[in-house]
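Q: Here are the chains, one letter per residue:
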Amino acid sequence: MAAQGIEQTGAQPTPPGAGYPTGGKAESTSTFSWTPYVFLAPYLVLFTIFVLVPAIFGLWMSLHNWDYLMPKQPWVGLQNYINLFTPGSPTAAFFWQSMKATGIFTLFSVPLLVIIPLLVALILNQSFRGRNFFRAMYFAPYVLGVAVVGILWRYLLQPGFGLIDYYLGTDVAWTTAMPWAWIALVGMTVWWTLGFNAIIYLAGLQDIDPVLYDAAKVDGATRWQRFLNVTLPGLRPVLLFIITVTILASANMFGQAYLITQGGPNNETRTAIMYIAQEGLQNFRMGSAAAMSYILALFLVVISILNFKFLSQKEED
Amino acid sequence: MCRGRPVGHGLTRREFLLAGVGAGAGLLGLGGCGAARDQAAVAQAAASGGARYTGPPVKLGFWNGFTGGDGQVMGQLVSQFNKEHQNIKVAMVTMIWVDFYQKFPGAVAAGQGPDVAVMHIDQLALNAARGVIVPLGDVVRSLGLQKSDFAPVIWEGGIYKGKRYGIPLDTHPLGLYYNKAVMEKGGLDPDKPPQTRDEYMGAVEELKGKGIKGSWVPTSLYTGWMMFQSLLWQFGGELYNKDVTRATVNSDAGVDALTWMVDLVKNGYSPSNVAQDADVIALQNGQNAFDWNGIWMINTFGAVPDLQWGVAPLPQIGTEKGAWANSHNFVIPNQPNPDPNKLQAAKVFINWISQHSLEWAKGGQVPARNSVRESSGFKKLQWQPEFAKELPYVHFGPSAPGVSEIGQNILFTAVNSAVLGIKGPKSALDTAVEQANQLLQQNRQKYGG
Chain D
4 MAAQGIEQTG
14 AQPTPPGAGY
24 PTGGKAESTS
34 TFSWTPYVFL
44 APYLVLFTIF
54 VLVPAIFGLW
64 MSLHNWDYLM
74 PKQPWVGLQN
84 YINLFTPGSP
94 TAAFFWQSMK
104 ATGIFTLFSV
114 PLLVIIPLLV
124 ALILNQSFRG
134 RNFFRAMYFA
144 PYVLGVAVVG
154 ILWRYLLQPG
164 FGLIDYYLGT
174 DVAWTTAMPW
184 AWIALVGMTV
194 WWTLGFNAII
204 YLAGLQDIDP
214 VLYDAAKVDG
224 ATRWQRFLNV
234 TLPGLRPVLL
244 FIITVTILAS
254 ANMFGQAYLI
264 TQGGPNNETR
274 TAIMYIAQEG
284 LQNFRMGSAA
294 AMSYILALFL
304 VVISILNFKF
314 LSQKEED
Chain U
724 MCRGRPVGHG
734 LTRREFLLAG
744 VGAGAGLLGL
754 GGCGAARDQA
764 AVAQAAASGG
774 ARYTGPPVKL
784 GFWNGFTGGD
794 GQVMGQLVSQ
804 FNKEHQNIKV
814 AMVTMIWVDF
824 YQKFPGAVAA
834 GQGPDVAVMH
844 IDQLALNAAR
854 GVIVPLGDVV
864 RSLGLQKSDF
874 APVIWEGGIY
884 KGKRYGIPLD
894 THPLGLYYNK
904 AVMEKGGLDP
914 DKPPQTRDEY
924 MGAVEELKGK
934 GIKGSWVPTS
944 LYTGWMMFQS
954 LLWQFGGELY
964 NKDVTRATVN
974 SDAGVDALTW
984 MVDLVKNGYS
994 PSNVAQDADV
1004 IALQNGQNAF
1014 DWNGIWMINT
1024 FGAVPDLQWG
1034 VAPLPQIGTE
1044 KGAWANSHNF
1054 VIPNQPNPDP
1064 NKLQAAKVFI
1074 NWISQHSLEW
1084 AKGGQVPARN
1094 SVRESSGFKK
1104 LQWQPEFAKE
1114 LPYVHFGPSA
1124 PGVSEIGQNI
1134 LFTAVNSAVL
1144 GIKGPKSALD
1154 TAVEQANQLL
1164 QQNRQKYGG
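From first to last, the protein sequence lines stand for chains D and U. Reminder that position 87 of the first sequence reads as 90 in the numbering used here, one-by-one numbering, no gaps. Reminder that position 290 of the second sequence reads as 1013 in the numbering used here, one-by-one numbering, no gaps.
Errors might be hidden in some of the hints.
What the hints assert, rightly or not - Straight-line alpha carbon distances no greater than 27 Å define the calculated BS3-like cross-link-like pairs of lysine-lysine that follow:
no. : chain 1 : residue 1 : chain 2 : residue 2
1   : D       : K75       : U       : K826
2   : D       : K103      : U       : K1149
3   : U       : K886      : D       : K75
4   : D       : K103      : U       : K1146
5   : U       : K870      : U       : K1085
6   : U       : K1044     : U       : K936
7   : U       : K931      : U       : K989
8   : U       : K884      : D       : K75
9   : U       : K1044     : U       : K1102
10  : U       : K908      : U       : K933
11  : U       : K965      : U       : K884
What the hints contain is simulated information worked out from the structure, not anything from laboratory work. Everything numeric in this text was worked out from a predicted model, so none of it was measured.
Required output: the full structure, derived from the provided sequences and hints.
A: Below, the structure written as structure tokens:
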């Protein structure tokens, strides 16, 4: 149904110079119609059941010492939240340590995942022999699941016996010492997911009108000037999409640390999501876990707002 | 917990809330407090007597976490059982333990759980308190099981608040694995593993002289946490006080135990920052002489070609003997709609496996049943009897809901931060005790008494 809808609007030729597609005009004159709501309904139902209701229910949960199997859920008011801000409570230190872990991972992985795939995409956008092979190769790791990638890297990184230590001739405790554990986790995540960002960039690069490059060349722009003044502006929407998606993906990091370092050493690579899952699903303190989720959500909302502001500012320029 | 509440009368708060969340998801009618119904059903089944099932054919779901070599052994036992019992068909489902403990409670509450399952002894109290499993007093009576049939420590461990929740199958303690070739290289007698503190320290010192780090201290939960607990008990300490209201790992015994572990690293008998399983791999590769590890490792080491290894009871480092152990126990889930036929069939199954636990022991276990442990068949096994020697002094954690999680998440974190050299033993344990005490109080509020 959705696909059909897109096709239809796509088929409507937009008259050059017209501010709005013809559909916009029709809407203002027509009477109330159920059609758009019917089209929205499947998504709204899913959104309500899987996002809206759990989000509100979770807030209620966070005010209790909640365990879905217990006959009583004792009301604790804001205690779960207060605990998170009380030094010496059983959750505060671990929670903020896990938030810090998520922060560190995001801080280090996002710039790398924004810049390296761009360089890869620029190279893959040149014409050379075997280009398609390399395009496939760079994307290949991304198709693997986190379990496969995690176990693969656990072997490679194994301190003392791993292939990485073997080839480097080092004896680095990649999974059990700082800062090596972060270097290992960020490194493998970049290897794993750079293909996805690179493909998006590549699509963006191919959308830039070659005429612009020709014009720049005629004006005597150097390679670097062409990159700054043609490529980067042309990639802006793609760049912002990639930054947003990569920040969210990094803030949700779970599998890599869970499989490779088990959150170690000493819980330093236990991310917020990992700790929340542990608190709620292994320790069955779901109220406390829900409270943590809301704090994390708050942080992500703030980051998203900043991101959005950054985006709209750029467009005003 | 809903004791004496009439069955099927209105919705409990939980049912109401769940129904609210999952409207249309078929969660309505979920049993909230089935314990009373179950007990009646078990009693009814008990009346039909003994370890025989003569009813119509039934299919039993059987869940466990035997994902290693133990799963193959259990699988063979199950298929033998199915062959010998025409009217009972047991279907085994195996998943890793971490998943098991997450999924099992939810599945049982939703009526999608198995008819019988295996659980560790330290998880019984939590699952009993959460109403996931039912008391087995009647099962014990109808099968005629006696305390004297089992090792006392294992039998006592299955009791929570005066009621039995598990039928013990085995115990799996920690032991001392040693690499004979490495010992020889260090000038030690490969047939005499160290058994006292002096012998142990002498041995690692000899090895150090030959450039070998001889006793790797694990920094992961398995088996760093088990090693610490063994030492704690050896120094006369306990994890918690008697009524489990306070954690007591920061006692002198706890500090001594942890200091000994930390000193293995400090004095160069162990590398620092040992990764998960690196101690095991090092022993296999001839880089490590001694590894404190569980009985389940006998198959792993046994499968390494040309590895000259042995296993002995843990050395006595502290003032008394002591060893960490856990135990697999059969449990009966709290079904929303219990079927007396299935319950009876499950009893037959539990009893049969228990009687055939020699086969199970071959997979790397010490049987809980005295008759099996004292049989000539068991004594002929190569390694298992070494672990059986530890039975008089093995310890399980206390039978209180949620303490196992506190141990793994809070107390072990402290142990680990000391082993990694981040904190001193005493200050690490002090901080952990403070946090653990708060959680113990929360647990008392939640689970009562």
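Q: Give a verdict on every hint.
A: Checked hints:
1. At roughly 21 Å between alpha-carbon atoms, K75/D and K826/U fall within 27 Å of each other, so this suggested pair holds.
2. Our distance criterion of 27 Å between C-alpha atoms is met by K103/D and K1149/U, whose separation comes to about 26 Å.
3. Distance check on the hinted pair: K886/U and K75/D sit about 22 Å apart at the alpha-carbon level, within 27 Å; holds.
4. Among the hinted pairs, K103/D with K1146/U is consistent with the structure: their alpha-carbon atoms are about 19 Å apart, no more than 27 Å.
5. Simply put, K870/U and K1085/U have alpha-carbon atoms about 24 Å apart, close enough for the 27 Å limit, and the pair holds.
6. For the hint linking K1044/U to K936/U, the alpha-carbon distance of about 25 Å falls within 27 Å, and the restraint holds.
7. The hinted pair formed by K931/U and K989/U meets the criterion: a straight-line CA distance of about 13 Å does not exceed 27 Å.
8. Under the criterion of a C-alpha separation no larger than 27 Å, the hint pairing K884/U with K75/D is consistent with the structure, at around 19 Å.
9. A C-alpha spacing of about 22 Å is found between K1044/U and K1102/U, which places the hinted pair at or below 27 Å, so the restraint holds.
10. At roughly 8 Å between alpha-carbon atoms, K908/U and K933/U fall within 27 Å of each other, so this suggested pair holds.
11. Between K965/U and K884/U the CA atoms are separated by roughly 14 Å; this keeps the pair inside 27 Å, and the hint holds.
Going down the numbered hints, you'll see the structure goes against none, and every one checks out.
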